[in-house]
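Can you make the complete structure from the sequences, with help from the hints?
For the protein sequence lines, the chains are E and D, in the order given. Note that the first sequence covers residues 1 to 551 in UniProt numbering. Note that the second sequence covers residues 1 to 551 in UniProt numbering.
It should be emphasised that the hints constitute simulated quantities derived from the structure, not laboratory data. Glycine included, each C-beta is placed from N, C-alpha and C at the ideal position. Just to be clear, a hint being listed does not mean it is correct.
[What the hints assert, rightly or not] Incomplete in silico selection of chain E near chain D, CB under 8 angstroms:
{"hint": "1", "residue": "G264"}
{"hint": "2", "residue": "P432"}
{"hint": "3", "residue": "A520"}
{"hint": "4", "residue": "E527"}
[Unchecked claim] Computed, partial: chain E to chain D, Cβ under 8 angstroms:
{"hint": "5", "residue": "G43"}
{"hint": "6", "residue": "G49"}
{"hint": "7", "residue": "L51"}
{"hint": "8", "residue": "R313"}
{"hint": "9", "residue": "K405"}
{"hint": "10", "residue": "I499"}
This is what each chain is made of:
2 protein chains.
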Amino acid sequence: MNVVVIGGGAAGLKAASRIRRKDGDASITVVEAGKYVSLGRCGLPYYVGGLVHEVDNLRETTYGAVRDEAYFKKLKNIDVLTETVATEIDRSRKTVKIVRNGSEDELNYDYLVIATGARPAKPPIEGIEAEGVVTLTSAEEAEKIIEMWEEGAEKAVVIGAGFIGLESAEALKNLDMEVTVIEMMDRVAPAMLDREMAVLVENHLREKGVNVVTSTRVEKIVSQDDKVRAVIANGKEYPADVVVVATGIKPNSELAEKAGLKIGETGAIWVDEYMRTSDESIYAGGDCVETTCLVTGKKIIAPFGDVANKQGRVIGENITGGRAVFPGVIRTAIFKVFDFTAASAGVNEQMAKEAGLDYFTVIAPSPDRAHYYPQANYIRLKLIVEKGSWRVIGAQGVGMGEVAKRIDVLSTAIQAGMTIDQLANLDLAYAPPYSPALDPVITIANVAMNKRDGLFEGINVFELKEKLEKEDIVILDVRSEEEFKTRRIESEKVIHIPILELRERLDEIPRDKEIVVVCAIGLRSFEASRILKHAGFEKVKILEGGMAFWF
Amino acid sequence: MNVVVIGGGAAGLKAASRIRRKDGDASITVVEAGKYVSLGRCGLPYYVGGLVHEVDNLRETTYGAVRDEAYFKKLKNIDVLTETVATEIDRSRKTVKIVRNGSEDELNYDYLVIATGARPAKPPIEGIEAEGVVTLTSAEEAEKIIEMWEEGAEKAVVIGAGFIGLESAEALKNLDMEVTVIEMMDRVAPAMLDREMAVLVENHLREKGVNVVTSTRVEKIVSQDDKVRAVIANGKEYPADVVVVATGIKPNSELAEKAGLKIGETGAIWVDEYMRTSDESIYAGGDCVETTCLVTGKKIIAPFGDVANKQGRVIGENITGGRAVFPGVIRTAIFKVFDFTAASAGVNEQMAKEAGLDYFTVIAPSPDRAHYYPQANYIRLKLIVEKGSWRVIGAQGVGMGEVAKRIDVLSTAIQAGMTIDQLANLDLAYAPPYSPALDPVITIANVAMNKRDGLFEGINVFELKEKLEKEDIVILDVRSEEEFKTRRIESEKVIHIPILELRERLDEIPRDKEIVVVCAIGLRSFEASRILKHAGFEKVKILEGGMAFWF
Numbered sequence: 001m002n003v004v005v006i007g008g009g010a011a012g013l014k015a016a017s018r019i020r021r022k023d024g025d026a027s028i029t030v031v032e033a034g035k036y037v038s039l040g041r042c043g044l045p046y047y048v049g050g051l052v053h054e055v056d057n058l059r060e061t062t063y064g065a066v067r068d069e070a071y072f073k074k075l076k077n078i079d080v081l082t083e084t085v086a087t088e089i090d091r092s093r094k095t096v097k098i099v100r101n102g103s104e105d106e107l108n109y110d111y112l113v114i115a116t117g118a119r120p121a122k123p124p125i126e127g128i129e130a131e132g133v134v135t136l137t138s139a140e141e142a143e144k145i146i147e148m149w150e151e152g153a154e155k156a157v158v159i160g161a162g163f164i165g166l167e168s169a170e171a172l173k174n175l176d177m178e179v180t181v182i183e184m185m186d187r188v189a190p191a192m193l194d195r196e197m198a199v200l201v202e203n204h205l206r207e208k209g210v211n212v213v214t215s216t217r218v219e220k221i222v223s224q225d226d227k228v229r230a231v232i233a234n235g236k237e238y239p240a241d242v243v244v245v246a247t248g249i250k251p252n253s254e255l256a257e258k259a260g261l262k263i264g265e266t267g268a269i270w271v272d273e274y275m276r277t278s279d280e281s282i283y284a285g286g287d288c289v290e291t292t293c294l295v296t297g298k299k300i301i302a303p304f305g306d307v308a309n310k311q312g313r314v315i316g317e318n319i320t321g322g323r324a325v326f327p328g329v330i331r332t333a334i335f336k337v338f339d340f341t342a343a344s345a346g347v348n349e350q351m352a353k354e355a356g357l358d359y360f361t362v363i364a365p366s367p368d369r370a371h372y373y374p375q376a377n378y379i380r381l382k383l384i385v386e387k388g389s390w391r392v393i394g395a396q397g398v399g400m401g402e403v404a405k406r407i408d409v410l411s412t413a414i415q416a417g418m419t420i421d422q423l424a425n426l427d428l429a430y431a432p433p434y435s436p437a438l439d440p441v442i443t444i445a446n447v448a449m450n451k452r453d454g455l456f457e458g459i460n461v462f463e464l465k466e467k468l469e470k471e472d473i474v475i476l477d478v479r480s481e482e483e484f485k486t487r488r489i490e491s492e493k494v495i496h497i498p499i500l501e502l503r504e505r506l507d508e509i510p511r512d513k514e515i516v517v518v519c520a521i522g523l524r525s526f527e528a529s530r531i532l533k534h535a536g537f538e539k540v541k542i543l544e545g546g547m548a549f550w551f
Numbered sequence: 001m002n003v004v005v006i007g008g009g010a011a012g013l014k015a016a017s018r019i020r021r022k023d024g025d026a027s028i029t030v031v032e033a034g035k036y037v038s039l040g041r042c043g044l045p046y047y048v049g050g051l052v053h054e055v056d057n058l059r060e061t062t063y064g065a066v067r068d069e070a071y072f073k074k075l076k077n078i079d080v081l082t083e084t085v086a087t088e089i090d091r092s093r094k095t096v097k098i099v100r101n102g103s104e105d106e107l108n109y110d111y112l113v114i115a116t117g118a119r120p121a122k123p124p125i126e127g128i129e130a131e132g133v134v135t136l137t138s139a140e141e142a143e144k145i146i147e148m149w150e151e152g153a154e155k156a157v158v159i160g161a162g163f164i165g166l167e168s169a170e171a172l173k174n175l176d177m178e179v180t181v182i183e184m185m186d187r188v189a190p191a192m193l194d195r196e197m198a199v200l201v202e203n204h205l206r207e208k209g210v211n212v213v214t215s216t217r218v219e220k221i222v223s224q225d226d227k228v229r230a231v232i233a234n235g236k237e238y239p240a241d242v243v244v245v246a247t248g249i250k251p252n253s254e255l256a257e258k259a260g261l262k263i264g265e266t267g268a269i270w271v272d273e274y275m276r277t278s279d280e281s282i283y284a285g286g287d288c289v290e291t292t293c294l295v296t297g298k299k300i301i302a303p304f305g306d307v308a309n310k311q312g313r314v315i316g317e318n319i320t321g322g323r324a325v326f327p328g329v330i331r332t333a334i335f336k337v338f339d340f341t342a343a344s345a346g347v348n349e350q351m352a353k354e355a356g357l358d359y360f361t362v363i364a365p366s367p368d369r370a371h372y373y374p375q376a377n378y379i380r381l382k383l384i385v386e387k388g389s390w391r392v393i394g395a396q397g398v399g400m401g402e403v404a405k406r407i408d409v410l411s412t413a414i415q416a417g418m419t420i421d422q423l424a425n426l427d428l429a430y431a432p433p434y435s436p437a438l439d440p441v442i443t444i445a446n447v448a449m450n451k452r453d454g455l456f457e458g459i460n461v462f463e464l465k466e467k468l469e470k471e472d473i474v475i476l477d478v479r480s481e482e483e484f485k486t487r488r489i490e491s492e493k494v495i496h497i498p499i500l501e502l503r504e505r506l507d508e509i510p511r512d513k514e515i516v517v518v519c520a521i522g523l524r525s526f527e528a529s530r531i532l533k534h535a536g537f538e539k540v541k542i543l544e545g546g547m548a549f550w551f
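Here it is as structure tokens:
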């Protein structure tokens with residue numbers, strides 16, 4: 001059996017390796033246009049930022065062997081051809097035309113794997129081809145940033161505040177550059193986070209000295225002597241010695257399209273659940289294919305290293321006679337930026353609306369371990385819950401503590417179709433160093449049930465800011481004297497009554513006005529809202545998430 | 001509505017608080033025999049060890065209010081009676097007899113909540129009542145340990161190596177005591193871990209200077225002037241100024257039993273899924289009730305703080321007209337001991353056997369984040385998989401890295417009834433600081449599928465040790481020269497061929513003997529076993545988990 005794999009990234013090499021593990025005799029050839037195969041590109045920001053010392057670390061095995069051509073030949077008897085471009089697929093003859101060292105050749109296949117990946121989607125901005133504008137998607141670009149830094153680059157602009165943009169911002173800041181991030185949308189990480197969650201990340205970036213500019217479109221990149229000098233956005237000039245463009249990717253589907261393979265609505269290669277293209281001898285996986293969002297049922301592109309690895313395994317399994325399935329994804333994603341983790345799974349509000357889903361949301365900050373245990377940190381979670389089925393369809397988490405664990409649990413729960421009632425009874429691992437007695441996941445499920453069952457009415461920080469400006473409301477802050485002194489909502493509409501005094505001081509609160517109760521994380525305001533309701537107050541709301549979401 | 005709650009721990013106070021949140025008018029009285037209510041007893045080892053500075057920290061809210069009688073009265077209008085003992089329940093008259101300050105009284109109830117908790121199950125060891133023998137289950141006992149330490153106690157023996165025993169061992173070691181842990185079973189944490197996993201914890205304890213003695217029954221506690229002096233076990237004397245007994249708990253079900261309520265087969269109070277006892281006006285929750293293991297269907301006692309909190313909420317919900325359900329647990333548990341985390345969910349092998357389940361197991365060490373990322377640590381996971389359904393029914397994790405996250409994901413997957421095939425496609429959050437491209441959970445699911453599908457045959461470290469002694473086998477170590485030099489299996493049966501040379505050096509390996517391939521974590525040995533199989537070698541096995549499990 002002859003197998004040709006086009007693309008030496010995660011999907012292609014995982015497929016090739018899996019085929020070898022199952023079939024000792026197959027002839028397997030991997031064709032890669034670039035200089036390296038099997039490079040963990042997700043690690044490039046950490047290489048630039050100095051946490052990872054050698055680019056080669058990103059293509060090493062866990063036991064320190066560099067995954068180069070010799071490695072694949074010796075260990076797996078796989079022929080890897082680097083700096084080799086596949087130019088054409090002839091499906092009737094089952095051949096691939098390749099160009100290597102300037103000369104053409106042809107490879108025969110019984111099975112072909114297309115794993116051509118994706119390329120940065122550079123927006124049509126004037127000047128974007130200037131020297132000094134990079135994308136941080138290859139080892140070469142990473143080296144170039146370091147080189148510019150060594151030559152004295154001091155100011156950087158990152159265009160696009162998705163997770164690669166923000167990881168790049170941190171890396172550049174770690175090199176002591178002045179960093180500005182410019183994002184077209186109204187928030188950072190718009191494909192993951194809703195606005196009240198994104199604001200927390202933005203504030204953390206600002207605390208760390210990164211300039212964050214949202215709702216702003218880059219108009220022009222200005223060069224001098226063909227070297228980048230500044231970025232113009234909203235009429236303002238941002239000086240820049242380095243510009244990192246991180247505005248998404250475009251699947252490399254052209255070779256497949258030219259061969260007449262079915263291209264999906266997303267512009268990526270269409271595959272079935274066996275990762276097979278419209279030609280049964282040709283499989284495809286990784287960033288060049290589209291997959292299914294298991295929450296909305298829609299086709300999407302999920303350009304993640306973990307997805308590529310899983311798809312590669314499925315391809316290898318099926319080419320060697322198996323019937324493995326890759327069902328799809330729920331868009332789970334995570335990034336670290338300085339001391340913060342931000343993560344999401346399933347849909348955010350924007351995606352839920354676009355998919356026509358009927359939902360409600362709930363937010364809840366919670367300590368990530370027993371609050372008396374050293375290093376306990378508040379994390380902020382948000383759930384999107386489908387009305388009627390009461391299933392969790394989306395989750396977001398932000399904060400300094402153990403966010404990753406909670407998003408992975410919620411991701412698993414979303415994939416299992418769990419309801420908030422089931423979530424509330426999850427048997428999670430509790431001990432003080434790892435979780436409060438009620439894990440943040442259980443707590444937010446409880447909050448969601450309370451909201452569903454009408455035990456409180458919540459508003460978010462944006463709604464409160466608007467109400468504060470336009471309506472004659474009362475804000476009832478029920479925190480302690482000390483908390484109130486330290487940081488509060490500055491307005492004459494605020495009444496301060498510590499929660500332990502509330503039952504005795506109810507007559508200080510006007511009964512004719514809408515009352516919004518505020519505390520640190522939403523717990524005491526819930527308690528207070530119940531006291532007020534039981535005392536006959538009618539229009540009582542709480543600021544969901546409390547001061548932890550105020551900005 | 002009159003509600004009486006017997007027991008001021010997590011279940012009782014959660015129930016009481018929930019009732020108040022839903023019902024402003026109910027009269028709620030909580031009766032507690034001890035001095036404190038709402039004390040987070042799981043935190044006591046950290047108080048003894050010096051990580052938590054005040055006992056009161058363990059009964060504070062997240063915002064620093066001490067949960068005492070006044071707190072419950074002011075905030076929740078709940079009457080808390082401490083140092084008050086409930087002596088009798090009269091179900092026909094719906095009254096509870098209490099003794100307070102030496103005088104008797106009676107409380108009427110419409111609903112009664114029994115949350116009497118559990119007490120340490122002290123084994124019938126001669127001398128166990130001596131001064132200096134404690135259980136670390138109350139603030140008073142914790143204070144006593146600290147006092148003895150301040151008075152110069154230097155040597156401690158912990159009887160029982162469950163998680164409380166091990167947490168206590170760490171706390172005592174943190175006070176610079178000489179610590180010996182004595183366990184009757186053949187391993188530490190026997191209710192959670194199988195032997196090959198437990199051995200890793202034992203070795204870590206020894207590295208930290210704790211003396212661990214397993215398969216050993218304590219015969220006698222020796223005192224002098226009524227003060228403990230030593231523990232005798234297996235004929236050996238272990239000097240001790242302090243003895244901590246941590247040999248499990250016994251539910252306080254006597255009051256319920258005396259009232260004629262149904263007691264379950266476990267000796268704890270029987271409740272239905274609504275947490276209602278056999279009397280529909282009486283609910284019960286926490287350590288005094290039994291619950292259902294959702295994997296085996298058996299009744300068990302699950303004396304965990306998180307379970308008590310969840311049950312308390314269900315009770316409060318149902319007493320106020322709701323229909324909330326507590327379905328049961330899967331015995332998820334976790335503990336930290338020095339730099340190690342150990343955790344489990346579902347059944348271990350012993351439980352699976354006892355329940356008559358047909359299963360196979362798989363183990364896999366894996367880095368907890370991208371191996372090139374700083375602070376990456378190897379964690380060791382184990383799965384118990386039901387044959388036929390291929391569902392995961394048990395999971396264990398041990399190591400220095402992010403074990404907690406993986407066990408929580410696996411716990412969620414077990415509760416959702418996921419198969420190893422579904423597990424392999426879980427969409428978990430990947431970025432280098434949080435996970436390798438394939439999360440350890442995905443990796444072990446892949447290993448499990450490989451084992452199920454016959455792609456390798458594994459043996460564990462105990463089987464290999466036995467084979468090494470009794471059979472004419474070959475151990476093929478495929479690690480690098482450097483790894484081999486650093487630490488290896490010392491035997492003339494070992495052949496060392498680094499994996500990258502294996503294909504060229506196959507003729508050095510005898511074809512007539514059984515071959516056990518060994519590497520660092522099991523990955524290269526799997527690869528090597530495939531190469532050998534394809535080359536016609538017939539009797540090839542691999543040491544599952546590799547040298548990471550060798551001891």
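Hints, verified against the model:
| no. | hint | result |
| --- | --- | --- |
| 1 | G264 | violated, 19 angstroms |
| 2 | P432 | holds, 5 angstroms |
| 3 | A520 | holds, 6 angstroms |
| 4 | E527 | holds, 7 angstroms |
| 5 | G43 | holds, 5 angstroms |
| 6 | G49 | violated, 11 angstroms |
| 7 | L51 | holds, 6 angstroms |
| 8 | R313 | holds, 7 angstroms |
| 9 | K405 | holds, 4 angstroms |
| 10 | I499 | holds, 6 angstroms |
Consistency with the previously given hints fails for numbers 1, 6, ordered from lowest to highest.
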